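Colleague: Same order as they appear, the protein sequences are chains A and B. Per the working numbering, the first sequence starts with residue 101, numbered consecutively. Per the working numbering, the second sequence starts with residue 101, numbered consecutively.
Since the hints were made in silico from the structure, they are not lab data. These figures come from a predicted structure and were not determined experimentally. Treat each hint with caution, since some may be false.
Same chains, same names: a pair is fine if it fits in one copy or spans any two.
No farther apart than 20 angstroms at their CA atoms in a straight line, the calculated lysine to aspartate or glutamate pairs in the EDC-like style are these [stated by the list, open to error]:
1. K143 <-> E441
2. K363 <-> E215
3. K214 <-> D188
4. K214 <-> E409
5. K349 <-> E448
6. K353 <-> D410
7. K322 <-> D340
8. K214 <-> D186
9. K214 <-> D182
10. K289 <-> E421
11. K214 <-> E361
12. K214 <-> D189
13. K289 <-> E126
14. K362 <-> E215
15. K214 <-> E276
Protein chains: 2
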Amino acid sequence: MREELRKVAEDIQIFIANDSFPTTIEPAYLRRAVIDYPLRGGKRLRPALVLWTCGLLGGDPAKALAAAAAVEIYHNWTLVHDDIIDNDDFRRGQPSTHCALNQYAATMLPTAQKEFGRNFAILTGDIQQGWAAAMLLKSVECGVSPAVVLAMSRRMHEQLNRELISGEALDVEYSERDIKTITAAEVEKMLYLKTGALLRFCVEVGATIALDDPTYSDSRLKKLALFAANAGVAFQLRDDWLGIFGDAKKLGKPVGADLAEKKPTIMLLKALELLPPHGKAELLALLGKPETESSVARARELLCSSGAEDFVIRRAVELTEQAREHLNSFPDNHYRKLLNELLEYLTERNV
Amino acid sequence: MREELRKVAEDIQIFIANDSFPTTIEPAYLRRAVIDYPLRGGKRLRPALVLWTCGLLGGDPAKALAAAAAVEIYHNWTLVHDDIIDNDDFRRGQPSTHCALNQYAATMLPTAQKEFGRNFAILTGDIQQGWAAAMLLKSVECGVSPAVVLAMSRRMHEQLNRELISGEALDVEYSERDIKTITAAEVEKMLYLKTGALLRFCVEVGATIALDDPTYSDSRLKKLALFAANAGVAFQLRDDWLGIFGDAKKLGKPVGADLAEKKPTIMLLKALELLPPHGKAELLALLGKPETESSVARARELLCSSGAEDFVIRRAVELTEQAREHLNSFPDNHYRKLLNELLEYLTERNV
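Go ahead and model the full structure; you've got the sequences and the hints to work with.
Modeller: If you want it as structure tokens, here you go:
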């Protein structure tokens with residue numbers, strides 16, 4: 101699977117790099133910002149989902165290449181705007197878009213106001229959303245029928261857009277709301293919207309191209325949607341677990357930042373629900389302060405002894421099994437094997 | 101024309117208000133923000149351009165209704181993001197999206213950070229761009245052929261998006277660059293990108309629906325594109341003129357703000373080019389300070405005596421005549437009359 105995933109990443113990199121869309125963007129630093137994230141590499145898990153689901157249903161993955169590039173660009177525009185909203189300075193080890201633009205301004209446009217990076221990063225994401233839409237429409241040039249391209253595009257703009265952005269909005273809101281007013285069910289729905297919705301779009305696109313069916317009504321799509329949605333939420337639960345219990349060395353970043361940010365993860369909410377009053381008070385007191393080795397160690401003890409860690413691990417396993425069941429209801433082939441390994445990779449990773 | 105324009109505004113208002121797109125957006129205040137600008141009314145000049153151009157070429161304007169609503173929503177998402185970038189607190193006499201969201205947070209989410217309004221306004225525009233794309237795709241439900249819908253959508257994402265956002269980017273950049281390094285030709289190109297590109301998209305969409313031709317190669321499209329592009333630039337030149345020479349009472353806002361903001365308009369650049377050294381120095385000294393009655397009066401004198409005012413008026417008239425010539429190369433009908441009156445309205449307005 102790793103080898104095939106590397107091949108997908110290579111193909112997508114070339115496909116995006118060769119696309120003519122960015123060429124007429126002005127000024128030049130805006131054009132460079134637009135191609136920056138999409139060409140920074142990464143594992144290209146979403147394109148792989150598109151291509152392999154197409155193969156799972158007997159389609160030719162080559163027909164889905166433009167669609168696979170489109171979901172990757174779509175993912176990237178949301179990252180550019182998320183990084184502004186979350187004030188993140190880095191993305192994949194390099195400056196985030198608004199930071200890179202500010203660095204440009206510092207040397208090239210010394211009179212620019214301090215919001216320069218933010219303003220041009222807003223415009224960067226805006227263009228990238230258009231680029232993703234244009235790329236999906238280019239599927240006609242890969243041999244996808246116009247009716248199917250229309251159907252996929254409607255799905256992108258009518259469902260994916262609203263779900264994904266609603267997910268980001270709820271994520272921002274939860275981090276600003278009193279943690280005691282948020283439920284685990286609300287957070288799990290947000291995790292679906294923020295991550296599962298795009299994975300679902302990926303498998304539906306791959307399947308729709310394979311089936312050459314613009315109706316989006318085939319029963320296999322529903323199974324694939326559940327596969328992707330469950331895998332997405334399980335992936336996020338794992339992410340939250342790694343954020344506290346992960347190995348800082350392997351992750352290449354400090355653990356415990358979620359505690360310092362008072363991030364309302366399901367694990368934290370569950371612990372606050374399960375702990376006795378003094379334990380709850382102790383955990384609440386650990387939140388919102390810069391994390392130290394001892395504060396993280398104590399939080400781990402509380403999350404573990406309360407049963408919250410176990411609850412989240414069990415929920416992730418449950419969702420993963422459900423995802424696997426949906427996937428394995430399809431006849432076995434090379435692509436089903438790849439998707440099974442991808443599911444394992446997503447939900448059992450240590451980094 | 102005024103009566104027919106009112107009818108267009110009414111139809112568009114109802115069409116947008118009845119669209120189901122926003123219903124599933126969460127949280128509710130984000131949903132309200134998404135429908136806010138599109139339902140604030142306004143003259144709906146762009147939808148009128150779509151519908152009337154469709155009629156000009158013998159098409160049924162009813163078939164272009166979804167496309168007309170789409171360009172209006174497209175226009176509005178760019179306004180939401182522009183208002184963040186330009187730090188504008190008002191839009192059509194009401195709080196801009198980021199201000200309205202900040203007001204909501206002040207009463208309903210007192211713990212929200214100060215960037216709340218900005219962050220949710222970014223997401224608001226992001227959803228609206230998707231809504232515009234979805235609305236254009238809905239043209240199939242108005243009876244437009246799938247091939248034409250695909251062609252129009254590609255044009256929206258491949259050309260309109262890049263041109264319009266490049267225009268906004270250049271506008272922002274010019275206001276941050278040393279005014280002496282900017283040429284009038286650069287600014288005129290920016291005016292085309294920022295305003296003309298969307299008007300051009302409007303007439304091309306109306307014509308493409310009327311002609312039922314997905315190739316975008318009919319020679320009539322080129323004439324209409326020139327009509328719209330020239331009208332757009334003339335409209336902006338008029339706007340810049342009104343910003344200095346307009347009647348504050350009629351405009352309902354102070355004149356001279358462009359001077360205080362040091363906005364590099366063509367009129368200002370031309371004056372700096374034409375004035376003798378001491379006049380140039382005097383004009384430069386008037387820039388970037390809060391405008392007063394006497395500073396505006398003196399700037400008017402300098403802009404007038406230098407010939408810069410006359411230059412801009414003549415250029416606007418020239419572009420308007422070119423636009424009219426292109427329009428009148430089409431056979432006369434009811435819609436050609438309406439479009440002629442719309443052109444007059446755009447380029448000779450006093451408010």
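Colleague: Each hint: holds or not?
Modeller: Hints and how they fare:
{"no.": "1", "hint": "K143 <-> E441", "verdict": "within (14 angstroms within a copy, 56 angstroms between copies)"}
{"no.": "2", "hint": "K363 <-> E215", "verdict": "between (27 angstroms within a copy, 18 angstroms between copies)"}
{"no.": "3", "hint": "K214 <-> D188", "verdict": "both (16 angstroms within a copy, 16 angstroms between copies)"}
{"no.": "4", "hint": "K214 <-> E409", "verdict": "neither (42 angstroms within a copy, 33 angstroms between copies)"}
{"no.": "5", "hint": "K349 <-> E448", "verdict": "within (17 angstroms within a copy, 67 angstroms between copies)"}
{"no.": "6", "hint": "K353 <-> D410", "verdict": "neither (24 angstroms within a copy, 63 angstroms between copies)"}
{"no.": "7", "hint": "K322 <-> D340", "verdict": "neither (27 angstroms within a copy, 55 angstroms between copies)"}
{"no.": "8", "hint": "K214 <-> D186", "verdict": "both (17 angstroms within a copy, 13 angstroms between copies)"}
{"no.": "9", "hint": "K214 <-> D182", "verdict": "both (19 angstroms within a copy, 16 angstroms between copies)"}
{"no.": "10", "hint": "K289 <-> E421", "verdict": "within (19 angstroms within a copy, 57 angstroms between copies)"}
{"no.": "11", "hint": "K214 <-> E361", "verdict": "between (25 angstroms within a copy, 16 angstroms between copies)"}
{"no.": "12", "hint": "K214 <-> D189", "verdict": "both (15 angstroms within a copy, 19 angstroms between copies)"}
{"no.": "13", "hint": "K289 <-> E126", "verdict": "between (39 angstroms within a copy, 11 angstroms between copies)"}
{"no.": "14", "hint": "K362 <-> E215", "verdict": "between (27 angstroms within a copy, 18 angstroms between copies)"}
{"no.": "15", "hint": "K214 <-> E276", "verdict": "between (25 angstroms within a copy, 11 angstroms between copies)"}
Checked against the numbered hints given earlier, this structure breaks hints 4, 6, 7; the rest are met.
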